[in-house]
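Engineer: Given next are the chains, with one letter for each unit.
There are 2 protein chains.
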Amino acid sequence: MTELPQGAVIGILGGGQLGRMLSVAASRLGYRCHIYEPGAAPAGDVAYQVTTAPYEDEAALRAFAGSVDVITYEFENVPTSALDLLESLKPIRPNRKALAISQDRITEKSFLNTLGLQTAPWAEVNSETDLRAAVEKLGLPAILKTIRLGYDGKGQVKLEAVAEIPAAWASMSNAACVLEGFVAFDREVSVIAGRGVDGSVACFDPGENVHREGILLTTTVPARLTANQHSDAILLAARILNALDYVGVMGVELFITPKGHLVNEIAPRVHNSGHWTQAGCTVDQFEQHIRAVAGLPLGDGHRYADVVMENLIGDDVLRVPELLKARNTAVHLYGKGAPRPGRKMGHVNRVVSK
Amino acid sequence: MTELPQGAVIGILGGGQLGRMLSVAASRLGYRCHIYEPGAAPAGDVAYQVTTAPYEDEAALRAFAGSVDVITYEFENVPTSALDLLESLKPIRPNRKALAISQDRITEKSFLNTLGLQTAPWAEVNSETDLRAAVEKLGLPAILKTIRLGYDGKGQVKLEAVAEIPAAWASMSNAACVLEGFVAFDREVSVIAGRGVDGSVACFDPGENVHREGILLTTTVPARLTANQHSDAILLAARILNALDYVGVMGVELFITPKGHLVNEIAPRVHNSGHWTQAGCTVDQFEQHIRAVAGLPLGDGHRYADVVMENLIGDDVLRVPELLKARNTAVHLYGKGAPRPGRKMGHVNRVVSK
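In order, the protein sequences belong to chains A and B.
All residue numbers for the first sequence refer to this note's numbering, where the first residue is 1488 and numbers rise by one.
All residue numbers for the second sequence refer to this note's numbering, where the first residue is 1488 and numbers rise by one.
Here chain A stands alone, though its shape is the one from the complex (with noise of 0.2 Å):
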């Protein structure tokens, strides 16, 4: 495929807040984007068009196909079947290869130690023995997750205690696990890279994140990282984004140690810990996997500004009134109603520089 032309239609799967954003960024390029998404999509109140339809529909998945001319998503976790199904009619950015180890903590972890990369030291778990067993062999405190669908905090649980062990592996139902020994990290950083069709990259400044609950509460740019951190950082992000001929942003997450970076995860799509590039870049995270998932040039990743991104979760969102009379601040929205907890309800970028 070369360059998708102006009007061309990109279909995203996911009508989360990410789709919203990466639909505004399209529009920026001449570009409509249709999304699908089985549930409620607040991305459809700036699409061009909205299938609401569960990935199990194979006639919605074959009509949303043939109407779009590549398809994206903005959420991993899409079932093999549907993007079996879609592969088969349209190019899919960035590629399966990506999606399937992304889906997968132990084939995610495998893979960047073949690269030779760092991570938490790991074992799998499939039963209480598996989970005493590797608490043997990596210490406590240590993270039990498991190896699908867990994201923000969920499908996991800290084992501070040998006793705990019956109790953390009774709240994982059967499913397959990894434990995850403690990394004693200075900081954590993402790296948002962005990789395009002519095999280029272009990596945005890292971001320093602080989360709470399980949850990203802010990302600040610049992170502190030495010199040598941070190209090291953009060098660690680019193999990965290499290794899998990948096309489009990929958010990259680092535990900085002093024994050197450690990747905590990768996420194949546009990321959280990117939403401070809407301030203080001329091209955001957004409109970057618009360009490569549209074989377009990749854009200037640099920053003119420093900025802090706070995430509005849940009850954080009663704050906007005053958010919106704050200086230097930019307020984003996503439309979704009632705040519950947890929930992302928003962000706000605030331009700390100048």
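Some clues are possibly wrong.
Copies of the same chain look alike in the list, so a pair counts if it fits in one copy or across any two.
[Claimed, not checked] Okay, derived cross-link-like pairs now, SDA-like style, lysine to any residue, Cα gap no bigger than 25 Å in a straight line:
hint, residue 1, residue 2
1, Lys1577, Val1496
2, Lys1584, Phe1742
3, Lys1823, Val1537
4, Lys1812, Asp1793
No lab work stands behind these hints, which were simulated from the structure alone.
This structure is a prediction, so every number in the text was calculated from the model and none was measured.
Model the placement of chain B on the given structure of chain A, informed by the hints.
Structural biologist: Structure of chain B alone, referenced to chain A:
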């Protein structure tokens, strides 16, 4: 009306690029937009709903008004009959007075002069005899303009010699006209000014405009103004908005002369010369307009970068492949299909500082 709640629907009359960018801005604040447009509507690609109907279709206008919480416009030449009907059903912001004034060059100039503001010298022209008298009074060169429906250099002709009078008048097809005397100005600037429901006013930094064949080509911020010229421009714009009890964003075009500022034209809507605010400001003119119309507090118009906005007119859009590769350059395309001479196809914002 108090603040519009999340999920409320804003009706926009006109579906061009201004409506498109307004709809995107509204989505950032959690609102949805319903576009009313008789013709092709690029705004429809990123709108919640679109009505394609003429402004004479009373049933369509009623249905539109019934589906929205407030009405605004991206285009000032909506027929009076449509506005009368809509206003009886839902609030229109900015108000009808601002529209009535800007729809008629003579009413506009009279209003501005009454406020104590300078305009180019002018005279009403309804016949060739009037035109001769006006040329006698104002001298040459001068510009003959229809009093209604002119934009982007349409409906106007420059007069350089008395011998051109008959042809110039004939070209106006007996439309009511105004002759504007020549102004020796140093530069033309625009102030993009917003006023909220609470009467507060916020202005973006004045931008300096360059035209090509009567159409805006570039706007540069900062404009080359002394500190006094800068503050005079902003105070003058604020005076206009206050006098009209205006709610929304207005574009105020000024000629900067050794004898002070002259008002060239006002536009009761977001304005092409404010597109630069999409780069280097946390809140752009589109969001500022939506905030005002929705009854929210105005945003911080503080500028944190220097910017040059360039319109892509007609075949300029063929430069897009090269512009997409340029550093510090944000490309905005309107999804309009094939280029035509004089047609605004998109714009670029170049961040020139830092």
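Engineer: A separate judgement is required for each hint: does it hold in the structure or not?
Structural biologist: Consistency of the hints with the structure:
1. Lys1577 / Val1496: Within. Shortest intra-copy distance 12 Å satisfies the 25 Å Cα cut-off; inter-copy 35 Å does not.
2. Lys1584 / Phe1742: within (24 Å within a copy, 59 Å between copies)
3. Lys1823 / Val1537: both (16 Å within a copy, 21 Å between copies)
4. Lys1812 / Asp1793: both (20 Å within a copy, 23 Å between copies)
Comparing the model with each earlier hint shows no violations; every hint is respected.
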